[in-house]
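Protein chains in written order, with the numbering used here: chain A, 189 to 532; chain B, 38 to 225.
Simulated from the structure, these hints should not be mistaken for laboratory data. Glycine is no exception: its CB is placed at the ideal position from the N, C-alpha and C atoms. Keep in mind that a hint or two might mislead.
Among the chain B residues that face chain A by a calculated CB cut under 7 Å, a handful are [to be verified]:
{"no.": "1", "residue": "Lys88"}
{"no.": "2", "residue": "Gly127"}
{"no.": "3", "residue": "Ser140"}
{"no.": "4", "residue": "Glu154"}
{"no.": "5", "residue": "His214"}
{"no.": "6", "residue": "Leu218"}
A few chain A residues that don't get close to chain B, going by computed Cβ distances all over 10 Å [as the list claims (entries may be wrong)]:
{"no.": "7", "residue": "Ile210"}
{"no.": "8", "residue": "Ser246"}
{"no.": "9", "residue": "Leu319"}
{"no.": "10", "residue": "Asn381"}
{"no.": "11", "residue": "Val383"}
{"no.": "12", "residue": "Glu386"}
{"no.": "13", "residue": "Ser394"}
{"no.": "14", "residue": "His396"}
{"no.": "15", "residue": "Thr398"}
{"no.": "16", "residue": "Asn409"}
{"no.": "17", "residue": "Glu413"}
{"no.": "18", "residue": "Asn419"}
{"no.": "19", "residue": "Arg434"}
{"no.": "20", "residue": "Glu453"}
{"no.": "21", "residue": "Gln462"}
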Amino acid sequence: MRTTSIKHKLSLINIISIGFIIILIGLSVFIEEFVRLRTELLTDTTSQAVIIAKNSVSALLFGDRNRSDETLESLQNISDIEEAAIYTKDGRILGRHVRGDIKNASYPVDPGKEGYTFEKDHLAVCHNVVLDNETIGKVYVCAGTARIKHNLLKLLFFIVTVSGLASGAAFLLLGKLQKTIVDPLFHLSNVMNKVTEEKDYSVRTSVHSTDELGMVAGGLNKMLEQIEKWNMELEDKVAARTTTLRQTNELLTEEIAERKRMETERDMLIVELQEALAEVKQLSGLLPICSSCKKIRDDKGYWTQIESYISEHSEALFTHAICPECGKKLYPEYYDDIWGKEDK
Amino acid sequence: MKILSALVSRPVIASLAFCLFMLAVPVISYSESPQVREYGIKAAYLLNFAKLTEWPSGTFASHENAFIIGILGNDPFGRRLDLLRDRTVGGRRVVIKSIDNISESSACDLLFIASSESDRLQQIIAYVRKKPVLTVSDIAGFENSGGIIAFFLKDDHVRFRINIDAARRANLNISSHLLELAEIVREK
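Hey, can you work out the whole structure from these sequences and the hints?
This is the structure:
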């Protein structure tokens, strides 16, 4: 039962309720009709017995067979009555009536006490003929129940036919009405499936009724809306955070590059400095120089000219010229030509 | 004893019984002669007439618990009337009275006038006229003389005629059950 679908459950409910109602109505109609027909037969037969009893007073008092036959003749037109008899006080049959189609009439020897008995296929009624507080005879009337059976059979057939038609019609109608519940439910469950399986929160139900299903659908739509909104907000937040992080990352990368660059520069500087320092060391210390010719003795003990020594141990290069003093001394003939002009 | 018992053997007893029976047959048939049977029926009818007739209120003031059937003249019923003695009419016990004097007849509820009284019938009728007395007789032409119920024989059956004008005059209400079996006579 738990695993069957709503559609089948509703169909089952329909079948059970329609069947129950139809059986109940059919049964009550049948029983009512049965009781009514039985009561009617009993009333009719009893009243016939009472009338016969009233009319058979003189026949019984005077033992008049013709009269009693005449009295019973009135039963000829009542088709239900199969047999009837008038009994005298001492149990003799004074008059009798048998319906034409009854072959072997069976009058009881003693019709018994006043009253009625329903037997298998007939109703026997006995009524006392009373005059002056004295029972002067009895009337026995026996009615067949064939008509009742026939009518009940007809009714049964009618009930079965009408029930069949009614349940068919009800089933069709309920099936149509059922669709108004089942279809929206299917739609809702499809939407739910889509949401849970595809994680697609943009779908919406299209149920727009004001009943409970409509309320459920509306609720589902609102929930989906909310979820979608939250989802979008979350995505925005993630994006914003990602941007921030990327920017930070870029900054850091840049910083690192800068640092590396600075480090290289520093290293180069150190090398340069070291080289410079090495050069500086070459020219440092005590240099033995000739006080006359100004030659410098190198580490190997050779005397070299100052300009070649410095050129060797530094970056400096020399260009050769003659200062005026030395020119005067060395080249007095050309002095005036070269340096005199310069003095002027 | 043995001889006696041998004599009175079973066939003997049977034949004796048969002889006795044969002797009795004429006696029985005599007792059921048409004459006697007729009056047996008439006696029963008297009671039926009484049961199917309504007397005016106040009739039984003088004899509340009795229904008096008077037999005027020579009683033709004999012991047949004994059948009626224990019976009741409207809850009253039936009392049978033999009457000779006409003046006594007005005390009766039902008066049977025997055929011996045919000579003074007019006198009797005149006396009980307009009194609540149901007069019954088997005198021929009784119904035409102002009597109420007259017996007659038809095909060996006891029948009766009812003079309903006489009954009305006596203020008696005769049931339709009785009327439907009677030949109705009206005074012109």
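For this session: Please flag the earlier hints that this structure goes against, numbers listed from lowest up.
Result: 3, 4, 8 and 9
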